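Protein sequence lines, in the order shown, are assigned to chains Z and C.
Residues in the first sequence are numbered from 0 upward in steps of one, following numbering that gives the first Met the number 0.
Residues in the second sequence are numbered from 0 upward in steps of one, following numbering that gives the first Met the number 0.
Treat the hints with care, since some could be wrong.
In this list, chains with the same sequence are indistinguishable; a pair is considered to hold if it fits within one copy or across any two.
[As the list claims (entries may be wrong)] Quick list of in silico lysine to any residue cross-link-like pairs, SDA-like style, CA-CA up to 20 Å:
(1) Lys261 <-> Trp38
(2) Lys250 <-> Ala190
(3) Lys260 <-> Pro124
(4) Lys250 <-> Glu114
(5) Lys118 <-> Leu171
(6) Lys250 <-> Leu239
(7) Lys260 <-> Asp51
(8) Lys261 <-> Pro124
(9) Lys260 <-> Val339
(10) Lys62 <-> Asp51
(11) Lys260 <-> Gly123
(12) Lys261 <-> Gly123
(13) Lys118 <-> Thr55
(14) Lys118 <-> Gly106
(15) Lys260 <-> Thr248
(16) Lys118 <-> Asp105
(17) Lys261 <-> Gly146
FYI, nobody ran anything at the bench for these hints, they're computed from the structure.
Computed from a predicted model, the values in this text were never measured in an experiment.
Protein chains: 2
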Amino acid sequence: MTPRTGLAVPAAAPPRVLVRGRERVEPALRAAVGSLHPWPRRMASFALGWCDADGTPAAGGGKGVRQALAVLGGEAVGAPEEAIVAGAVAVELVHTFSLVHDDVMDGDERRRHRESAWKAFGTGPAVLMGDALFALAVETLAGAEGGHTGAAVRHLSGVLRDLLHGQADDLLFESRPWAGPEAVRVAEYEAMVAGKTGSLLACALALGPVLAGASPRRVDALTEAGRHLGAAFQAVDDVLGVWGDPEVTGKPVHGDLRRGKKTLPVLAALAAPTPAARSLQALLGPGVPLDAGTARRAAGLVEEAGGRDAAEAAARRHAAAARRCLADGPFAPEAVHELVALSEFLLERRL
Amino acid sequence: MTPRTGLAVPAAAPPRVLVRGRERVEPALRAAVGSLHPWPRRMASFALGWCDADGTPAAGGGKGVRQALAVLGGEAVGAPEEAIVAGAVAVELVHTFSLVHDDVMDGDERRRHRESAWKAFGTGPAVLMGDALFALAVETLAGAEGGHTGAAVRHLSGVLRDLLHGQADDLLFESRPWAGPEAVRVAEYEAMVAGKTGSLLACALALGPVLAGASPRRVDALTEAGRHLGAAFQAVDDVLGVWGDPEVTGKPVHGDLRRGKKTLPVLAALAAPTPAARSLQALLGPGVPLDAGTARRAAGLVEEAGGRDAAEAAARRHAAAARRCLADGPFAPEAVHELVALSEFLLERRL
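Construct all of the structure, not just a fragment, from the sequences and the given hints.
Set out below in structure tokens:
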């Protein structure tokens, strides 16, 4: 797919903070997961990409985005290493818990080019493993050193509330119609994304600083920056879900459209007062799943009605808002510089 | 079923602390649940027995055992009302979370004479609701007043670790054989019960006191007492699962035996060096489900091999150990008196 966002030109290589973040966080993450009961421990190692379903070590694992954000958020306020690492470990555990349970709720059989955890181990065991990761996140944070663990656990509680609120809305959106008074509005969708995606990236940036006792002003600025980054990434993921290259995304062409998933480009297109929007509404009306030809026509109409432009504009707008939050600080300039470079790299790479 | 434990004669009426506990805790519990997203809120109200699946208010709800234990544990150390209530609310939320997710993991379709939550709402929504209750428990505790919230969250984290460890073992026991080197041993079963059942009753007694800053000695004594009560209740429940009156338990006659569930009377019977134990082993060998006649013969053999006596002796032993822990205190005598009366009432009522 063609880059169209007008964001900065991507760097030739991934920012080194992606490697640095993993190097600093992964030992503590492995130690925490290693303390679990052997069975959920093995399932969690699979979910984290460290091994195959049968326990064979694997070279996988995520890109390390949240670890990198945690390291940079911590460096931005001069947090001590232990606070950065404890915060990053807690965020990674909550993130993995939420993916594992989300896949159960959505019935998704694939995750990161492999089987999802419930598909590999069964629904009950996957639920148990997610619960164990959730509990481990709380335990990691509550057991962290320093005098701000209470504030950090309260912060994480608020994040979990937002995350689960967003997940509840996302599940409810599935059964709502594309048109009429019950249709999902763009503003509702954006609120759902702020909860489901934004809260966790905000937590990645801000949790270490909370644990280190950073000022509310700096914590709030990092939180806002993280929410905007989450909204920007989600808008780009939504574009990829319709027009992304299946080779890269690992998902079928027009996959989100065929499943009838409510995403920003489609909702924005439907909200436009254009003939293309009305044709799109008629096309989506009969319900899911769409056949390949209908999905292709729908994708064309979404683009014609301005849905793709709207989503890409939203990504640019949120990325700029994140930069403004980071300029507000005061933060260590080098960390802010790396954060901006990282977010631009990630957005360009996705587009 | 005939009372056979030799515990104290049951009171004519339930101890008044069961009502007192609910009266003091339920308003805060309802306020906490009322703060959830409307969808998980409605599902949680069903799981707590406050409404039917369609939202119609119901007069149900649990017996209030954990609330009563929390009130008495708090009174035993002179904890302030806010600490008692916050601890009790957190325990009740964690308990409900664990029941809801357990029913998903075990595939149990009935709970308290009604459909289980996943049966009523679907697996995904039930998982979501459980997650929301779990997060709410942490939030309740982390947001409680006083200077001991960090210690209280750490305490709850340890409880969750034990609870999920026990649940993992319980699930794994299902696929292990009745005999041979892979058979579940009585000691393993007792360790599983200490985690899955004991940890939560221990938490009910001790969490409010931790939140109120009670001394480690008193917290440890309450924790031990709670673990023993949990083991005693579970031993009696195990007896009821084989010989209980279906009218009272709401479960089919010989239900646990027919499903091949590993429980104390059966494991203790199989461990006995008697002909009845060997006949029982042969009967259980072919696997589940057992037909009605086989289950009746198996129940007879469990009794003949001493399994029922062993479970009832374990219940008496653990109840006595709980009383000794409470005598160790120092605790407010009236609270200890009520705790002993409550536990005897509950054990006799079950037997």
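Name the hints, by number, that the structure is in violation of. Hints 2, 7, 9, 17 contradicted; others consistent.
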